[in-house]
Every structure is written in C-alpha cells, then in structure tokens.
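Quick note, the sequences are listed as chains A and B, same order. Last residue of the first sequence: number 138 in our numbering, and the count goes up by one each step with no gaps. Last residue of the second sequence: number 397 in our numbering, and the count goes up by one each step with no gaps.
Incorrect hints may have been included.
Unchecked claim - Just so you have them, the derived chain B footprint on chain A, three or more residues with Cβ under 8 Å:
#1 3-11
#2 35-46
#3 66-78
#4 97-107
Everything labelled a hint here was simulated from the structure, so no lab data went into it. From a predicted model like this one, the values you see are computed outputs, not experimental measurements. Every residue gets a Cβ at the ideal spot worked out from N, C-alpha and C, and that includes glycine.
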Amino acid sequence: MADPQRPLPKLHDLDTRPFWEATKNQELKYQQCADCDTVVFYPRRHCTGCLGNNLIWKNSAGKGTVYTYSVVRQSYHPFFRQRVPYAVAWIDLDEGPRLVSNVVGVEDPLRDVQIGMRVQVRWEEHEELSVPLFEPEP
Amino acid sequence: MSTQTRDAAIVGIHEYPSRDVEGEVSPLQIKAESAARALEDAGLGWNDVDAIYDAGDGGGMAGLTISEYFGLKPRVINTTGVGGSSYEYHAAHAKRDIAAGKASVALLTYGSTAHSNARAIGVGGRGGGGHPADNMDMFAGMTLVANYAMVAHRHMFEYGTTSAQLAEISVATRCHAMRNPEAVKAMEDLEFLDIRETTVDDVVNSRMIADPLHLLECCMISDGGGAVIIAAADVARDCRKAPVWILGTGEATKYPENGGDITTSAAVQSGPQAFGEAGVTPQEIDIAMIYDSFSITVLALLEDLGFCAKGEGGAWVEGGRLRFDRPDDGPALNTDGGGLSSNHPGMRGIFLLLEATRQLRGESCSQVDGAKLAVAHGNGGMLGSRHCAGTVVLGRD
Chain A
1 MADPQRPLPK LHDLDTRPFW EATKNQELKY QQCADCDTVV FYPRRHCTGC LGNNLIWKNS
61 AGKGTVYTYS VVRQSYHPFF RQRVPYAVAW IDLDEGPRLV SNVVGVEDPL RDVQIGMRVQ
121 VRWEEHEELS VPLFEPEP
Chain B
1 MSTQTRDAAI VGIHEYPSRD VEGEVSPLQI KAESAARALE DAGLGWNDVD AIYDAGDGGG
61 MAGLTISEYF GLKPRVINTT GVGGSSYEYH AAHAKRDIAA GKASVALLTY GSTAHSNARA
121 IGVGGRGGGG HPADNMDMFA GMTLVANYAM VAHRHMFEYG TTSAQLAEIS VATRCHAMRN
181 PEAVKAMEDL EFLDIRETTV DDVVNSRMIA DPLHLLECCM ISDGGGAVII AAADVARDCR
241 KAPVWILGTG EATKYPENGG DITTSAAVQS GPQAFGEAGV TPQEIDIAMI YDSFSITVLA
301 LLEDLGFCAK GEGGAWVEGG RLRFDRPDDG PALNTDGGGL SSNHPGMRGI FLLLEATRQL
361 RGESCSQVDG AKLAVAHGNG GMLGSRHCAG TVVLGRD
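Take these sequences, add in the hints, and give me the full structure.
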C-alpha cells in the first residue's frame, strides 16, 4: 500500500486558486487593495476594507515570525499520525498576512520552536503545487 | 442604563440522560423526547408551541423537517446555526420574537450521537469544512485541540499563565461532575479511567495532546441532547416551575485577522451587550456556565466577560475559586460537570442554559445557595480561529 500523502489544497477553489497556482513557481502571494491598501488574506475576489475589488497580487519575501504554535502529539489523519510530534504555527509574514503552516527543519519541535522566533519559507514540492512550510531563519 | 425587560422566561427544560445510546436512538428522536419532557416540565403541550429554534444540524430545510417531525406548524422558524453557541443565539432570538409579539412559546432542541457515530470532533480530529479559508491551511495538520492550544501558548507567552492554573478549571469542573449522577454515569459509559475528583497534578501529569493542552484539559465526546421552552411573561406566570427570565443577550463574531490578538475572543463584545441589557455586572453573577471545550476556552472567556482583567485569569482561578461551595469568591463554574466531565456531543450551548436554569430554580446537584443571577456563554466554532459568541444573562424572580 502506498504511503499516506499530505492532504493538499483543491486547485479549483475560485478564491484561493491564484495563490496555489503561484506556489508552482514557489511564489508566496498575498493581496493588497490598490484603493485603500488593505492587506487581504486569505485570498478573495473583493476588498474587505472598501467596496472595491481592485486587489493587487503581491509577492511576500517569505520571512516572518511565529505568532503562536502547538506541537501536535496525537492525530487521526493517516499522514500526520506518522509525523507526531510536529509543530503547527500561526506565522506573521513581514508584509502583514498571518497564515497557518508547519515549522520544520528543527531537531526537536518540543524544544526548538518558540513564539517570536524568526522563520522563512521552505517549499515542499508536489505535482501541481508547492506547500509553503517554514524553517528557522539562519 | 439598564434596558432590562422581563418579557420572556425559560419555563421548561430537559437534559437527555444518556451519553451513549449505542446507536439505538437517533438525533431527531433525542430532540423529540427532550421536547416532550421539557414541555411536561413546563406544564405545557405540543399545541402550545408556536416557534421553533434549531441549529440546522439536520441538514437543508431543517426548520421545516423538524416541525413536521414534531407535528407542529409554528409561526416562527429560526435556524441560526453557529455551532455550540447556537442555543444562546436561539434564546436571544426567542426573547426578541416574543417581545415583538410574534411568538408566545418557543421550543429549542438539540440531539447528537457524536459518540455513537465515532465522529472525530475531539482530541485527534480536525474541524472545518469546504470553505476557502480551509483550503489555505488544511495541508498543515492542524487538529482541533491544536487550534485551542495556540490560544493557550500565546496566553502563556503574553501573561505568564501556567498549565497548573489552567488545570484549576478541569479540577473544579470534575468536582462538580462527581456530584452529578448523570455525569458520573457518562464517564462510566464512555470508559473514563479512574473516575474521581482530580487534582492540579493529575491534570498536568495527564498525557499531552497538543502542547500545552493535556488530556484532562479536553472535553469528552458523548451522545446527548436536550430541550428548552421559552415563554412569554403571561404564559410563564402559569407554568409549573418558577420562571427563569432572560435578562440580557449579546452576540458577536471573530475570525483570524492580520495582527489580531488570539487570546481575546468575541466574548469581549457579546458580554458587555448582555450585561448592559440586563443591567448587572459580572461581579453580581452567582453561576457562570461557560463553554468548556478546553480549559483555555474557559480562562479566556472569563477574562473577556469581565470576571477579571485580560491576562489575570490564571491567578484569578487559583485555589479552587470556581467551586460551587466558594460563593463569596465569585461565580461557581459549570456546576453540572461541563463538557470536560459531563457531556459534549459537539454543540454544548444548550446545556449551559439547562444548568443555569436548574441553579436558579434550586435544582442543581451542586446547588449554590440563593443563586439569583447566572450567565450562559456559548462559544461556537473554534476559539483559536473563527467563532461566534453568544452571552445570555438569566435571573429569577
């Protein structure tokens, strides 16, 4: 039997499709309103700050800070249950967006992940897209 | 200034006793059985009901299909579905509909067989559905417990809160559960190990599920349900039991925002609305029925509702302060045993109204002498990401 695979986002979702399509080129995108400067994340078609829909796609440099995290010890998902303990975190990108990802590239997530630590994106490649994981900034 | 009105009261309640129906009773059957017993409790009948409130968990057209199932043709149908806070919203909406003259007897029901279905809503499962927001983070393996653990970690980081302080919530709740025969039976049926009162050490030494939350800080997954009858003042005066008035209500919404504060919930908006409408302060409250999906949920909500300042909850709950036999130290917490130790079939909000009513009637297993004022606060959705808050302030004559 094949190894359980990481669950991957759907590429046909109309709001988030441009974000995931950009990950193929390892670009971490977010939206900002050209009229009122509101940073919109997760992606949408309309601006949540004004009544327009003049959203511009921008590239994040992929660097940020761990806002908070948890180390998961128990999961029923076939992929993740083989990976416990692993760190899930809310990460504040330097450009403003706050997103959920994993902190990887540490020896022991129980010891080596902290709130406030600096992280940078590390792409995990899949057939149709890449997944933005985060590792400690060197 | 208070805008308190006594135009609608809880007059009938029922809590479905079994937490493990072994697949032999359906959620709809639990709703109907609970409705009948609650009407009996009120001294009313099916024909008196003219308004139906349902969280829509039965699927599309739930308001219609449940009306037919009950054999009712209501004037008002309300299917606000906001997870575990749905029933606080329903109480608010029933009061509003009754005050507007659109209804006189409202029926709220809940039934779930989450345990029998082995639905992974708990310690290892992940929440969420097919929303665009879910499509952004489903790759990361965030579990439901981890969602709440994120709040606990940040709370510890910002305010120095400790696991031992969070454990106080589990300990007080278990103390109350051990006094409630239905809660003890629930823990037996769900095969809890070592069913007894717990200590702070027991909690912090239990297995870590998602740092920093331990097993004994997580609610159970049970079957269950219940019903609430809310009636207009003229009906309430003639019911079998003393009315429990809905004095004030509040509703609010929260979701992740860039730069937002994860330690503060939507209760900071819904609480002041409800207390303001009731014209009472948190310091006057005898009974705090606070949605206890996890220990951190209660700690954050107590702060947000104004029982203590933000960040001071850890020190505030220390020393068994939340027990039912410490009335001089503030409200008693979740005197039925809560979701942590009595029942959690997925959407616990209705049980908050049920136990608050029992306390104000003098019917609780952990009765606070002379309890006059209670608050029921439901948190529906997830504390660490998106949720709805419903606050209901209740009082007796």
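How does the coverage statement for the segment 35-46 of chain A fare against chain B, requiring three or more residues with Cβ below 8 Å from a Cβ of that chain? Three-residue rule met by the segment 35-46 of chain A, so holds; n is 5.
At least three residues with a C-beta closer than 8 Å to a C-beta of chain B: is that true for the segment 97-107 of chain A? The restraint on the segment 97-107 of chain A holds, since 6 of its residues have a Cβ under 8 Å from chain B and three suffice.
Can you take a look at whether the segment 66-78 of chain A is actually covered by chain B? Rule is 3+ residues, C-beta closer than 8 Å. As far as the segment 66-78 of chain A goes, the hint holds, because 11 residues have Cβ atoms under 8 Å from chain B.
Counting residues of the segment 3-11 of chain A whose CB is closer than 8 Å to a CB in chain B, do you get three or more? Coverage by chain B holds for the segment 3-11 of chain A (5 residues, Cβ < 8 Å).
Comparing the model with each earlier hint shows no violations; every hint is respected.
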